[in-house]
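Engineer: If you read the sequence shown in this note's numbering, its first letter stands for residue 20, the second for the next number, and so on.
For the record, the hints were derived by calculation from the structure and aren't laboratory data.
Cβ atoms here follow ideal geometry from the backbone N, Cα and C, with glycine treated the same way.
A portion of the hints provided could be inaccurate.
To be verified - Here are the in silico distance ranges between beta carbons for each label pair:
#	residue 1	residue 2	range
1	ILE250	SER111	36 to 42 angstroms
2	ASN254	THR78	19 to 25 angstroms
3	ARG256	ARG157	45 to 51 angstroms
4	GLU149	LYS268	47 to 53 angstroms
5	ALA171	GLY251	42 to 48 angstroms
6	GLU149	ARG92	35 to 41 angstroms
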Amino acid sequence: MARTSQATAKRATVEHNHLHIQKHPAFRRLARRVNGFLATDFLSSLDAEQRHQLERIATPITCPPGEICLTSREMTEKSFILRRGKIRLFYSLPNGDRLTIAELRPGAFFGEMPLLGQRVYGAQAEAIEESVLWVLSRPDIEQLLLNNPRLALRLTRLLSQHFLEAEVQLEETLFKNIRARTASLLLRQASSNPPVVAGLSHQEIADQLGVYRETVTHALNELRQMGLIEIGRRNLRIVDPEGLRREAKPSPQEWVAHLV
20 MARTSQATAK
30 RATVEHNHLH
40 IQKHPAFRRL
50 ARRVNGFLAT
60 DFLSSLDAEQ
70 RHQLERIATP
80 ITCPPGEICL
90 TSREMTEKSF
100 ILRRGKIRLF
110 YSLPNGDRLT
120 IAELRPGAFF
130 GEMPLLGQRV
140 YGAQAEAIEE
150 SVLWVLSRPD
160 IEQLLLNNPR
170 LALRLTRLLS
180 QHFLEAEVQL
190 EETLFKNIRA
200 RTASLLLRQA
210 SSNPPVVAGL
220 SHQEIADQLG
230 VYRETVTHAL
240 NELRQMGLIE
250 IGRRNLRIVD
260 PEGLRREAKP
270 SPQEWVAHLV
């Protein structure tokens with residue numbers, strides 16, 4: 020009986036720790052970055068001839084459901100395209116448990132991608148359902164890009180967009196307070212006419228900004244009290260777009276604080 024109670028208590032502690040990690044802004048920011056880039060349906064951006072070229076040089080492998088199909092070492096040595104099925108990327112914790120960072124669907128490009136400036140260190144891949152992967156070595160990718168300038172241009176554009184988003188996030192983190200960063204995000208996400216942000220929860224806004232949900236809720240309430248936005252159940256209406264744009268700019272004091 021005592022052993023059962025101890026096991027239950029230990030399991031509850033592990034689950035609590037998992038929840039704490041998954042709620043931490045740093046982890047949520049990492050998971051969003053991984054998901055945001057890897058979720059790109061790379062294959063759909065290629066024409067039939069480009070896909071045929073890729074298929075000729077790739078080595079297909081099939082992963083049964085529940086199997087660890089790629090170890091952390093394999094993930095840093097080769098690149099992979101998920102052709103069919105669903106894959107979970109996860110980290111192994113010291114206690115033997117797993118922490119999921121991404122779930123990939125067909126078309127995702129992942130693994131060792133130095134040419135794209137992407138690498139997920141220490142992660143492993145598990146097949147959620149039977150999956151087919153295309154395996155590509157670095158020389159394979161280099162040769163493919165050399166032979167196909169259009170494909171190289173497509174990858175360059177994907178990477179440029181990724182870096183641009185990262186640069187904007189870094190600039191806002193350095194020079195803006197959370198209310199200004201929230202205002203900027205709302206302006207970017209809003210439809211043009213009428214200016215409404217739909218389908219974005221407080222938690223999703225927090226994930227994009229890399230902060231806690233409570234922090235975002237406080238910032239949104241401040242913007243509402245200033246008469247700049249109205250908060251609905253699953254949407255936000257921008258009442259004063261010009262005022263929100265002014266609020267999104269960093270204050271002179273914040274600029275000076277980061278220059279001295």
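Engineer: Would you mind marking each hint as holding or not holding in the structure?
Structural biologist: Hints versus structure:
1. ILE250 to SER111: 36 to 42 angstroms: holds, 41 angstroms
2. ASN254 to THR78: 19 to 25 angstroms: Check failed, 47 angstroms falls outside 19 to 25 angstroms.
3. ARG256 to ARG157: 45 to 51 angstroms: Given about 49 angstroms between the Cβ atoms, the range holds.
4. GLU149 to LYS268: 47 to 53 angstroms: holds, 52 angstroms
5. ALA171 to GLY251: 42 to 48 angstroms: At 45 angstroms between Cβs, range holds.
6. GLU149 to ARG92: 35 to 41 angstroms: The hinted range 35 to 41 angstroms is violated for GLU149 and ARG92, with Cβ atoms some 23 angstroms apart.
In this structure, the earlier hints numbered 2, 6 are contradicted, and the remaining ones agree with it.
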